[in-house]
Amino acid sequence: MNHLDTYNLRLYVAGQTPKSMAAIVNLKKICEQHLSGRYDIELIDLLKNPALAQRHQIVAIPTLIRQLPEPLKRIIGDLSNLEKVLVGLDIQPM
Amino acid sequence: MSELVPNLVPLHRDAVETIDAIHHGQVDAVVVIKGVEGPQVVMLEGADKPYHVLVERMSEGAITVGPDGRILYVNERLSELTGHPVEYFIHRDLATLFDAAAPSLIPDESVETNLLRSGKAPLPVKAWAHHISIGDAPGTLVTLTDLSIYRRAEEIASAERFARSILEQATNAIIVLGADGHITHASAIAQDLAEGPALGRTFSEAFPLAPDTENVGITEHLSEKGLDRLLVTKPFHRAEVKLRSERLSKRTFLLSAGPLLDNKNLTVGSVITLTEITEIKRAEEQQKTISAELNHRVKNLLTVVQSLAVQTARWSDSPEKFKIAFIGRLNALAAGHDALMQTSWAGVYLNELLARVLAPFSSWGDERIRASGPEVLLPVDAVVPLSMAFHELSTNSLKYGALSIAGGQVDIRWQLLDADEQELELIWQERGGPKVKEARTSGFGTTLIDRILTRDLDANVEIHFDPHGLRFAVKFRVLRVIASPYT
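Keeping their order, the protein sequence lines are chains A and B. Position 92, counted from 1, in the first sequence is what this note's numbering calls 92; the numbers after and before it change by one each time, with no gaps. Position 37, counted from 1, in the second sequence is what this note's numbering calls 37; the numbers after and before it change by one each time, with no gaps.
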């Protein structure tokens, strides 16, 4: 995997629940620190469109999906555990 | 089977991870498949649920701002205040919500600013900022209080104070009825007139009208309930009423009613006024009495003038003498009336009447005419006859008596005779004049004196033609006496 690959991330949330909000804040913070200029985040609100859960077989919310670079990765929870997120996304600490 | 195993590993790992995340409280919603409806989001309610409900239902707008100044969360109230849906705010810069200064986000400090609204003028708000943690990241909770509510409340309170001060200072009784006919406000005067506490009762309960009220116009055939209904449904003016209360039975009021309008011009009750007209009624009655009395007096006066003219002509041997005598008598008549006019026909003090009638004679005020006696208020009926009598006496004295030569004097004395001081005796005594001749008895003056005093005052009159000076004595009843002496 090239270190310059762009990360295409999709965060599934459910409206404004506290964990969803925490996940948004934590993800942005991690991306700014470790993937500056190399990331793209798409927010999916399953409260508005639950059917979108099927595509990535989402069970728990919030869930982060790394679509690119492949392979697809999945992290469940509010992303407050930095180490777990970095490992889960295959990001080398800078 | 062996081909399937590698595919099961990530599924198993995901399942374990999901359960672990739920167990450690890292998720707050799950997706479940419900038959034909497909996937549905089910919230996992945690300990923070009550706070979430509280924030959604509170009357302030609430915004959670991430460390980058962008909005993560807003409550429904903010959506109501601005007219924008909740989604509109997510990921927006907080500063773009305001038309002026954005909240400083200094913890626990407040700032007044204006919140932009959809299709409406900006809303004045007070913004408070408070730092919170969102996961491991710092965030800010901003609450917005709608100041228009408070400003409107201040305006209402100010208007209420204004109206109340008018009520308290009004000289009329003012009563405000709500739409249900119960009293909501009563001025201080109205409270004094009410039978017990006025507030919360109907008009008829607090201000029962006297059943024998006369000339009540619109209220004439109404029951108490009918009147209460009328007061909140139909404006009317100036119905004359009396209140049933014993202590107010002698007082008369004008009852008026008009609609109480709100700021949308809708009728929300009525304003009743009770204006006291007792004094006006009394003045009207007095005016009627005075008019009738005046009419009577004018007729009498004309009769007297006619009689004076006829009698004076009979006793005058030339037109010139008639003119002088008649004008003198008319002036005496006028002096008596003037004195009565000045006291509104309440009576005249004897010394004042003497001063008026005798003023044309140069001797009045010097030592030649002396008057002494207690202060006596003459009854109205005595004023004109006495005025005429004093005129005749002084005219005669000037022509033939003490005042006709130097050194002559007139001494006028009076006193109250009986124990209850109801009878007055007045003596006119002349001295130092020419010797009195009996021929004066035939003059019209003495005849006039005798007639008018005897007839009008029921007085006892004596005229003595003493050669050393004429003595005139009269006794009659007076209405009342003031004790302080006059000399």
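Calculated from the structure, these hints are not laboratory results. Please read these numbers as outputs of a predicted model, since none were measured by experiment. Every residue gets a Cβ at the ideal spot worked out from N, C-alpha and C, and that includes glycine. Just to be clear, a hint being listed does not mean it is correct.
As the list claims (entries may be wrong) - Each pair of labels, with its calculated beta carbon distance range:
(1) A:L43 <-> B:E155: 37 to 45 Å
(2) A:L43 <-> B:R161: 22 to 30 Å
(3) A:E70 <-> B:V42: 24 to 32 Å
(4) B:I106 <-> A:E70: 40 to 48 Å
(5) B:T96 <-> A:E70: 34 to 42 Å
(6) A:L43 <-> B:I19: 51 to 59 Å
(7) B:H130 <-> A:Q67: 34 to 42 Å
(8) A:Q67 <-> B:G25: 35 to 43 Å
(9) B:A15 <-> A:E83: 55 to 63 Å
(10) A:A51 <-> B:P259: 58 to 66 Å
(11) B:V42 <-> A:E83: 52 to 60 Å
(12) B:L199 <-> A:L43: 54 to 62 Å
(13) B:T96 <-> A:Q67: 29 to 37 Å
(14) A:L43 <-> B:V42: 16 to 24 Å
As the list claims (entries may be wrong) - Derived BS3-like pairs: lysine-lysine, alpha-carbon spacing no greater than 30 Å straight-line:
(15) B:K399 <-> B:K437
(16) B:K120 <-> A:K48
(17) B:K225 <-> B:K323
(18) A:K48 <-> B:K34
(19) B:K250 <-> B:K264
(20) B:K225 <-> B:K288
(21) B:K34 <-> A:K73
(22) B:K242 <-> B:K323
(23) B:K242 <-> B:K264
Against the structure, the hints:
1. A:L43 and B:E155 have their C-beta atoms about 44 Å apart, which keeps the hinted 37 to 45 Å range intact.
2. Between A:L43 and B:R161 the C-beta distance comes to about 53 Å, which lies outside the given range of 22 to 30 Å.
3. Judged by the Cβ atoms, the range 24 to 32 Å given for A:E70 and B:V42 holds: they are separated by roughly 31 Å.
4. Roughly 46 Å separates the CB atoms of B:I106 and A:E70, a value that falls within the hinted 40 to 48 Å.
5. A hinted range of 34 to 42 Å for the beta carbons of B:T96 and A:E70 is consistent with their spacing of about 38 Å.
6. Between A:L43 and B:I19 the C-beta distance comes to about 25 Å, which lies outside the given range of 51 to 59 Å.
7. Taken as a hint, the range 34 to 42 Å holds for the pair B:H130 and A:Q67, whose Cβ atoms sit roughly 37 Å apart.
8. Checked against the given bound of 35 to 43 Å, the beta carbons of A:Q67 and B:G25, roughly 27 Å apart, lie outside it.
9. In this structure, B:A15 and A:E83 break the distance hint of 55 to 63 Å, their C-beta atoms being roughly 22 Å apart.
10. The given range of 58 to 66 Å is respected by A:A51 and B:P259, whose C-beta atoms sit roughly 60 Å from each other.
11. Between B:V42 and A:E83 the Cβ separation comes to about 30 Å, which falls outside the hinted range of 52 to 60 Å.
12. Separated by about 60 Å at the C-beta atoms, B:L199 and A:L43 satisfy the suggested range of 54 to 62 Å.
13. Checked against the hint of 29 to 37 Å, the pair B:T96 and A:Q67 passes, with Cβ atoms roughly 31 Å apart.
14. One distance hint, 16 to 24 Å for the beta-carbon pair A:L43 and B:V42, holds here, with the actual separation near 20 Å.
15. Restraint check for B:K399 and B:K437: the C-alpha separation of about 13 Å stays at or below 30 Å, so the hint holds.
16. Under the criterion of a C-alpha separation no larger than 30 Å, the hint pairing B:K120 with A:K48 is consistent with the structure, at around 28 Å.
17. The straight-line distance between the Cα atoms of B:K225 and B:K323 is roughly 74 Å, outside the 30 Å bound, and the hint therefore fails.
18. For the hint pairing A:K48 with B:K34, the CA-to-CA distance comes to about 16 Å; that is within 30 Å, so the pair holds.
19. This hinted pair does not check out: B:K250 and B:K264 have alpha carbons roughly 42 Å apart, beyond 30 Å.
20. With a C-alpha separation of about 37 Å, the suggested pair B:K225 and B:K288 falls outside the 30 Å cut-off, and the hint is violated.
21. Proximity of B:K34 to A:K73 is assessed by CA-CA distance (about 26 Å); at most 30 Å being required, the pair is judged to hold.
22. Simply put, B:K242 and B:K323 have alpha-carbon atoms about 59 Å apart, too far for the 30 Å limit, and the pair is violated.
23. A distance of roughly 35 Å separates the Cα atoms of B:K242 and B:K264; the hinted pair therefore is violated under the 30 Å criterion.
When the structure is compared with the earlier hints, violations turn up for hints 2, 6, 8, 9, 11, 17, 19, 20, 22 and 23 and for no others.
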